[in-house]
Amino acid sequence: MTQPGAPVPDLAVTLAGLRLEHPVLNASGTFDALETARHYGPEALAPFPFSAYVPKTVTLERRDGNPPPRLTETAAGMINAVGLQNPGIEAYLDDLPLLAFVPVPVLVNIGGRRPGDYLEVLRRVEERLAAGAAGSPQVAGYELNVSCPNVGRGGLAVGTEPGETEKLTAAARALTKRLLIVKLTPNVTDVVAVARAAAEAGADALSLVNTVRALVLDPQTLTPFLGNRTGGLSGPAIKPVALRMVWEVAGALDAPIIGMGGIACGRDVLEFVACGATAVAVGAANFSGPDAPRRIVAELRAELVGRGLPDLAAVRGRALV
Amino acid sequence: MTQPGAPVPDLAVTLAGLRLEHPVLNASGTFDALETARHYGPEALAPFPFSAYVPKTVTLERRDGNPPPRLTETAAGMINAVGLQNPGIEAYLDDLPLLAFVPVPVLVNIGGRRPGDYLEVLRRVEERLAAGAAGSPQVAGYELNVSCPNVGRGGLAVGTEPGETEKLTAAARALTKRLLIVKLTPNVTDVVAVARAAAEAGADALSLVNTVRALVLDPQTLTPFLGNRTGGLSGPAIKPVALRMVWEVAGALDAPIIGMGGIACGRDVLEFVACGATAVAVGAANFSGPDAPRRIVAELRAELVGRGLPDLAAVRGRALV
Amino acid sequence: MNSTAPPPAEQTCATATSGHYRVIERRSFGPYALLTLLAPDIAALAAPGQFVMVALPGTQFRLRRPLSLHSVGGERVRLLVEPRGEGTRELVELGVADTLAVAGPLGHGFPLERVRAALLVAGGIGVAPFQFVADVLRARGVPVTATFGFRDEGQARLAGAFEIDHLWVATDDGSVGRHGTAVELAREVGAGPQASVLACGPAPLLDAVRTWASTAGLSGYASLEAHMACGSGACHGCVVPTREGYLRVCVDGPVFALDLLGSGASTDASAPGAGLAPDGAKPQAAQ
Amino acid sequence: MNSTAPPPAEQTCATATSGHYRVIERRSFGPYALLTLLAPDIAALAAPGQFVMVALPGTQFRLRRPLSLHSVGGERVRLLVEPRGEGTRELVELGVADTLAVAGPLGHGFPLERVRAALLVAGGIGVAPFQFVADVLRARGVPVTATFGFRDEGQARLAGAFEIDHLWVATDDGSVGRHGTAVELAREVGAGPQASVLACGPAPLLDAVRTWASTAGLSGYASLEAHMACGSGACHGCVVPTREGYLRVCVDGPVFALDLLGSGASTDASAPGAGLAPDGAKPQAAQ
Ligand SMILES: Cc1cc2nc3c(=O)[nH]c(=O)nc-3n(C[C@H](O)[C@H](O)[C@H](O)COP(=O)(O)OP(=O)(O)OC[C@H]3O[C@@H](n4cnc5c(N)ncnc54)[C@H](O)[C@@H]3O)c2cc1C
Ligand SMILES: Cc1cc2nc3c(=O)[nH]c(=O)nc-3n(C[C@H](O)[C@H](O)[C@H](O)COP(=O)(O)OP(=O)(O)OC[C@H]3O[C@@H](n4cnc5c(N)ncnc54)[C@H](O)[C@@H]3O)c2cc1C
Ligand SMILES: Cc1cc2nc3c(=O)[nH]c(=O)nc-3n(C[C@H](O)[C@H](O)[C@H](O)COP(=O)(O)O)c2cc1C
Ligand SMILES: Cc1cc2nc3c(=O)[nH]c(=O)nc-3n(C[C@H](O)[C@H](O)[C@H](O)COP(=O)(O)O)c2cc1C
Ligand code: FES
Ligand code: FES
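Protein chains in written order, with my numbering: chain A, 1 to 321; chain B, 322 to 642; chain C, 643 to 929; chain D, 930 to 1216.
FYI, nobody ran anything at the bench for these hints, they're computed from the structure. Quick caveat, the model's predicted, so the values are computed rather than measured. Virtual Cβ for every residue (Gly too), placed ideally from N, Cα, C. Among the hints, erroneous ones may be present.
Unchecked claim - In silico contact screen, one side only, chain B against chain C (beta carbon under 7 Å); selected entries: (1) G362; (2) A397; (3) A491.
Unchecked claim - Pulled a few chain A residues facing chain D out of the computed Cβ check, cut under 7 Å: (4) P68; (5) L175; (6) T176; (7) E200.
If we strip away everything but chain A, and leave its shape as in the complex, we get (with noise of 0.2 Å):
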């Protein structure tokens, strides 16, 4: 597609002062550098193939995760409840250093039953990194995956109520210099409203979405599919209410966004960025195989040579009208 002598597009971008080579980063809990390098081998890997590195949810316990069944497919889309199975921050930390080679900034997704959890959760990253930790990667910031059940308040998630999602932001932002970023749940009247709460409390940047919550029931005893009965929709199934809650958020804040929710090609990540997003992530797409976030890269670089566009600037938040 590309014409003989045109320039080459420019795909970086820079989020909350965050510069990144390009836009797409993993959804959180589907994509393991670890394991990647593991099974296919460094050259999957080199170059790496996201902009930046979330690794998934860490919780301040250890969590064992729900009980299987986990996850299955929908149309378009598919349902999971993990129940962020994780070994506890202190493992997570001491493992940090096998992160070493991933040469894309870290951003330190975080989870907990209780606002206090994810405090305690941050307070020990930010002390072991500066405890100087030998060969750990760059740690550039934090996501608070505020979507999780909130024991305190009967199992309401963080992320419904603009109150608390306040409360718990202003409080991280307090701890930490590092880039804080709030990941936000679609499951909410007004995302706009828990959104700007989390803007106004000091975060630099929003996630949006998380998972739709969801039931799946097994075709033949037609009770809930999943261990856990309700879980987590996502995929292309749900791209127009991801790219909705994107829209709103961007028209109503400056918050830098990173946008994801059924991304699953080029022009889906451009979508994204025209209706506000700085940066994206693929999550479900990951499973197609190890070579979606590379085919989604090119084809994103394809997609501005084909329209004549020199970078993502070009594009931002042309849907918002």
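Got chain A sorted already, so can you dock chains B, C and D with the ligands onto it with the hints?
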């Protein structure tokens, strides 16, 4: 699939006292009995494919609807922003006798720009029916479409606020002895709270869900495709979300439910019933052709036969574990 | 409940049908495909300018695709398909013996009863309905002139799917036929002051046709496109703004009198996306 | 940023690859299909009991399907596919020259190094991995006995896809081979006290194998199924409860030691869906 001698399963259901030959209604706005008869002839409606007929939303005043484009396809779904185009309640009532040939109960679906409008529409229908309009169809009740933007509350739909929903439902309840159904929007943090408000204010049944707010861009211009910019997502893409909401409401309340959202085959009907629905409605699937409802009812019957079930009661609520 | 009560008298006769039909012949014209379906009941009801709703193969949910009747002969109907997006790409790849679920014929076609001479003006895949139109007019002895405009040589392959006596072709790049547009060609070729202009094609073409016809004092009709769901008037999803307000392309059209599409027609002109035809044909432009 | 920094030493060697591979042969066994792919790089890395993730054709979003390596020869790998749902139905309809996007080989297969005699016990499509197992053991001179159980004559067609010297078949309805299950057959046929039991099949079969092996004092392994997304350890979506907590079928399995699947293994037994193997194989039972 029928075993020789196996009893034919009984598909009849009773929805808040209203006996229906089978559980499959049409979703408002997706099927028009007059147009179907006009194009595909009377055979297409004899026997009538739905067990009750829900015409598209009527409002107090005539509405021209949204500027085009009004719809397009999405991954496993579709988006629409028709904007409740309708001739207004007076013309609607004048044309009601044209529906006299409809051999099933009719449920008048009402929308409005302010709560008072719904009530005025309902009052006029009652009035006209009390006057004993000759040759009218059997108007069994109402479905209040509370997803319409409410001009009095900055465009917030009545159905996003439990308090507003309760007030509107209670006022409507006072105006009619017919079946009163409230049709809920999925665009809320807590669908159970709104459902409870409607049920406690006297709704006989709840319909859920309406469409999910979404955005689709024109792939060329990267600006919103629909004339109204945002629209409502429906079809199989949203089925897991709809199913979750039906399951949540049925688990929390006793009110009968008309489940809808992405139903495309007999198995889908069974799944909604397993999640607690008494009846269901078919929307987007009507657009696969005039034979869709009959196929779905036939598949439902075959599912029951295949599972050796005598009727839907044997399945209802099975997923509520 | 008496489930066999008849609908009102005006509705006792079906104008369309729906069923599964077999592809019995397939011809290629470059990337375009001319599919012949054995569909006696559709053929029997069809009129020129009408369309069908075609379900795409496979089990995933997709809206049906509206396609014009290219021509009808005996028990056969022909569809001329341009691969635009994914759905039409699947359709052009169908082969003989594949079957398609089709509903139709639908919509109001070109009112040809009072046409004394016809000038068919079409661009791109907008040419599709005109074999049927020409066939019916020829059978009635009405003189027909067709001017078809294409982007380039590749698209001009579409002309191969037509047998019309006076068919002129133009291309935007001059590679085939005259250099220019279908409307420029039509203006040149002319068809006498009595001729009806029958047009179909992208928004700019219809725009130019409308302007030319009104200055030249010619009356005529245009076939419009819109994204459709039901294809039969139920969903109000396919409207275009006209002088009479929003009208449904699927049942009030797809063919509209040119002068219905004039300015000042929109009922909600301030809203985004609102406007007049050829804005009414915006969905097409959007592709 | 230095985007070429090497990953840690332990990860410098790929164990799997991903690419597009051509179907070069297809054989039918009743409704089942044995597909041979030309996939030299996968073949070179493969071990018995491993699987591949196969992308379904088409552009719609779908998770890849995990399929066992039925056998490997030279540059070829074979997949034996049962049409269960929509995806596998599409796979059995593939023909020669179609290509498939495949990643693999993945997972830990059967640890055959110390096997002195093997009793392969499988039911239904669970037989799939055992040609590869038998081939490798035969090459090493290890005696192999296989007992396969099927529902009925139709399913027993699967046995045709195997060349194993001592292969015994049972059917639930007695229509082919012995009347009964693979485990009953295995119990009868036996394989000596040294034999390793290698099993694959539906939950009740694995349950029965586990019970029998433990009472008979035999050690062995079972290959489990779970719905998968990444297939390579990233998503934690495919876990089964074991004595060591939740383990991922895709990387910790699919083959697990039978005694790892014993009772008391669940870490969260109170939650719905929790439980022990064969509950660990519940996704399969759910199909
Ligand atoms: C009355 C009428 C007659 C037509 N006749 C023909 C014909 O004879 N031959 C032919 O090749 N094409 C014809 N078209 C256009 C054809 O319907 C579209 O090209 C086709 O729907 C595009 O589908 P897709 O999957 O290839 O594209 P996609 O862009 O992937 O389609 C996405 C969605 O948008 C809709 N859509 C996209 N473009 C159009 C369009 N221009 N008009 C209507 N819907 C659109 C699709 O139906 C689908 O619902 C006609 C359209 C109309 C309204
Ligand atoms: C390690 C492993 C090896 C396997 N080897 C073979 C084999 O060699 N031959 C063979 O025919 N089958 C094999 N299976 C089962 C095969 O993966 C499923 O039958 C297939 O995924 C079903 O897809 P579908 O589209 O036909 O069914 P659907 O029910 O439509 O699938 C819906 C979703 O559920 C998943 N799913 C459904 N059933 C299963 C299942 N039993 N196991 C895993 N995922 C499932 C699908 O992958 C898909 O994501 C294996 C499974 C695993 C885990
Ligand atoms: C299997 C799976 C696991 C996920 N795990 C996490 C997680 O640990 N933390 C988190 O913030 N989001 C998690 N998500 C949500 C994704 O990061 C993303 O927000 C969502 O899936 C929408 O993007 P997609 O449609 O591209 O998948 C997970 C999603 C999937 C599918
Ligand atoms: C084209 C279209 C028009 C609709 N019009 C209405 C309407 O007028 N009133 C209403 O209450 N719901 C309307 N709906 C919503 C449907 O009735 C239904 O609640 C929703 O589409 C979910 O069901 P589905 O996924 O089966 O389509 C409309 C939906 C569509 C797709
Ligand atoms: S497509 Fe539904 S009214 Fe025209
Ligand atoms: S399928 Fe993702 S961890 Fe196993």
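Quick rundown of the hints versus the structure:
Taken as an interface hint, G362 (chain B) checks out: its beta carbon lies about 3 Å from the nearest beta carbon of chain C, inside 7 Å. With its C-beta approaching chain C no nearer than about 5 Å, A397 (chain B) sits inside the 7 Å limit, and its interface hint holds. Contact between A491 (chain B) and chain C, as hinted, is not supported at the beta carbon level, the nearest pair being about 32 Å apart and thus beyond 7 Å. Interface restraint check for P68 (chain A): the shortest CB-CB distance to chain D comes to about 5 Å, inside 7 Å, so the restraint holds.
Restraint check, L175 (chain A) versus chain D: the minimum CB separation of about 26 Å is more than 7 Å; hint violated. Violation of the interface hint for T176 (chain A) is found here, the shortest Cβ-Cβ separation to chain D being roughly 21 Å, above the 7 Å cut-off. For E200 (chain A), the interface hint is violated, the least distance from its beta-carbon to any beta-carbon of chain D being 32 Å, above 7 Å.
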